[in-house]
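*Asks:* Take a look at the letters that make up each chain.
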Amino acid sequence: MEISAQPVPGAVPAWRKQVDAERWRTLAEQLLSAGSRLGALWASDERDRGGGYLLRALYVIFEGLLIAELRVDPALATYPDLSDLFACAGRMQRAAFDLCGMRAVSISGEIPDVRPWLRHGAWPADAHPLHREHALSQPHPQTEERYAFVPVEGEGVHEIAVGPVHAGIIEPGHFRFSVVGERVLRLEQRLGYKHKGIEKRFESLSLAEGIRLAGRVSGDSTVAYAWAYAMALEGMAGTTPPARALYLRALFLERERIANHLGDLGSLGNDGGLAFGLAQFSRLKEDMLRTNAALFGHRYLMDRVVPGGVAADIGDSESAAILAEGERLRTELRTLRAIYYNHAGLQDRCITCGRLTPRTAATLGVVGLVARASGHAIDLRVHPGHPPYGELQPEIASHRNGDVAARIVVRFEEAFESLKLQRRILHRLPTGPIAASVCTPDEAAFGIGWIEGWRGEVFVALEAGPNGAIRRCHPHDPSWQNWPALEHAIIGNIVPDFPLVNKSFSLSYAGQDL
Amino acid sequence: MISAAGIAAQLTELALAVVLAPLLTGWVNQCRAWLQNRSAPGLLQPYRMLAKLFQKEVALAHNASPMFRTAPYLVFGCLCVAAAIVPTLGTDLPLNAVADAIALVGLLALARMFIALAGMDVGTAFGSLGARREMLVGFLAEPALLMVLFTASLISHSTSLATIVETLAHRELVIYPSMAFAGIAFTMVSLAENARIPVDNPSTHLELTMIHEAMVLEYSGRHLAMIEWAASLKLFVYSCMGLALFFPWGVAEGGDWLGIVLALPGLFVKLAIGGAGLSLIETVSAKLRIFRAPEFLGTAFLLAVLAMLVHVLLEG
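Residue numbers (this note's numbering), protein chains in the order written: chain A, 5 to 518; chain B, 161 to 476.
I should point out that these hints are in silico values taken from the structure, not numbers from a laboratory. From a predicted model like this one, the values you see are computed outputs, not experimental measurements. There may be inaccurate statements among the hints.
What follows is a list of derived Cβ distance ranges for each label pair [claimed, not checked]:
(1) A:E290 to B:R331: 36 to 44 Å
(2) A:F153 to B:A269: 48 to 56 Å
(3) A:E192 to B:G283: 17 to 25 Å
(4) B:G202 to A:F153: 40 to 48 Å
(5) A:P128 to B:Y233: 48 to 56 Å
(6) B:Q205 to A:R303: 26 to 34 Å
(7) A:E148 to B:A269: 57 to 65 Å
Every residue, glycine too, gets a C-beta built ideally from N, C-alpha and C.
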């Protein structure tokens, strides 16, 4: 397919392309038929520069990333809907309206879904926080708004409403089940309870400060976000981080992956009623976090990735300590894997539970670990790959079944693979500086970061303002694509299996609520 | 013939059951924590929990009926009577004349009915969900429990628990294959009835998977304390029932005080072993899918029926 587009400088192959409303739609159709995925969709306010609103759709194409840019007339504030082509676009389009005030309109002129997504009555329907004139501190009275859940009717159908406040300490989200007896007919999610205006906050920070906020979009993926942000910034500034810094970033990212997989495997055991698993995996995760704190100065490795490189280095003794820890972990993980795989009770809970078929996964544009467990071998460490992963040669772990058991298998396999990568990184760790200086990018410079976090691919799109300020920063969490898939995976399952299925997806609320 | 000593023994036994029940819960929790490599809460943690709950304010739903407020006391009352019927220390119990094994099952069913009604009273989705599941478990568990008790009755030719214990404890050591089957069935029923893994999870925070906990989610303060206490009492009653049926040795005959005092250490040891066994089962099993619970309890019923058949064929 033709790419008559302007390249975006940086570590990942990416292009930008200005389109008009008609081309916006035909390009999407073309890309869909070529097997591309919609990665993200977000809006900006360019009226102060005379550009109206700017809508961007990021597509993952075979060669890398393609960003379609559509200027939208503020008087009309409408653009062609993509949700019939890419199902995951629906929520992103609703969020774009809440934040920037433009509507997706279908070909027949209808607005597909007018319900708010991120707005929960904290600001009026006609106010849009990402408008430049909207002050960050502007107070709004909280208004009560009823959200129109899709009703399901029929003999014996009733609703179970769960959350946003749950019986345990977890993030807030509302789940509306329509059930017959114990069987789930439909699940509808209502998210956005953790909306805290991160995108607006970015605009009051400098490019150098922004990385700390990026690292806090979703705390469990701090390395992935910080690296994606750094990648975007380095691309804009034309900086290439030193080889040692890239290896250390990969080390941090793999350790983040291992720690989160350990935590999830424990919780999955616990949700299946096997508290033994939780105790064991929590211990392994905690040991790892303590090693992180001792060697790198932070348990979750927050702020260890900085623009131009990393903020923590290791010597030979630390390297030996990590390798020894990795060996211990591998042995213990093997034992626990045998227990999980051979435990009849746990396997009975997990096999066939919460199936996301490869077909549904493809239709919904699912990414990351969930996609890999549903037969889609997408891992951007492998393809298209970015330094230093080309040299580390990671292998994709995938499974075709798409059930909870498959997601457990993929987690185990990825944890082992990450331990292998950790060994390779430490054995081949280049010498040299751990950071390069990053010069201030020109105004309107645009950069993109794309990192395979433990949950899936994290994007950060960054645009420079005058004097090193951030004009616009859009962090995109893989949960945007995967939350809707959970609604499908639970259909036909029974209500008490939902926590297990939900945990096997392990999605971020904070990351998508922004 | 109701003697003063009998009444004293009866009251002592009841008081002991009420006071010791949370200790058994504490012990099971402690064992479970050890088996899972966690540092265990103190043995007295359930008492602290009860003390805390009794001091807390009661938050009631606006539409809570008197049924909702009285249910905790009714459930507690039912279980107190149940505890009084089971011969834990001695067999000369005045209440035995009025209540036998069948009445015991009835009392437990009555407690279940009250708590299920209370669960549905406020009208939350979880309360009804829990009540529905509880009745599912209950109607499958009760027949199995009755079958177990009938097997024991066939051996002793009486449905009075005291007579069963006396008969079983005083025969020369004979191995009853029927009681082996009945024992397994009884263990399975007890797990289900006491909301333990693999049927329910007493320590879960996942409201969608709960059975017992879902029914009592709306309770707080002293009401919740009564419910928690009643749950401990239920575990105690089931444990003592199991001990009475399958390990009756050491229970005092008649109402002599010395015998009752001597039976006490034996009871402690037996409960400690039983509690450790329970925590072991809970540690090595995962929770069943809810629709496997009927299969689980069906198996229990089958084993209980087998126990009866074995008795008729081999021991009759």
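*Asks:* Between B:G202 and A:F153, does the beta-carbon spacing fit 40 to 48 Å?
*Replies:* 45 Å, holds
*Asks:* Look at the Cβ atoms of A:E148 and B:A269 and judge whether their distance stays inside 57 to 65 Å.
*Replies:* 45 Å, violated
*Asks:* If you check the beta carbons of A:F153 and B:A269, does the distance land in 48 to 56 Å?
*Replies:* Once the Cβ atoms are compared, 38 Å apart, the range 48 to 56 Å for B:A269 and A:F153 is violated.
*Asks:* Regarding A:E290 and B:R331, is the given constraint of 36 to 44 Å on their beta-carbon distance met?
*Replies:* 55 Å, violated
*Asks:* Please check whether A:E192 and B:G283 have a Cβ separation lying inside 17 to 25 Å.
*Replies:* Because 21 Å falls inside the window, the suggested range holds.
*Asks:* Does the hinted range 48 to 56 Å hold for A:P128 and B:Y233 at CB?
*Replies:* Because 50 Å falls inside the window, the suggested range holds.
*Asks:* Has the hinted range 26 to 34 Å been met by the Cβ atoms of B:Q205 and A:R303?
*Replies:* 29 Å, holds
The structure fails to meet hints 1, 2 and 7 from the earlier list, while all remaining hints are met.
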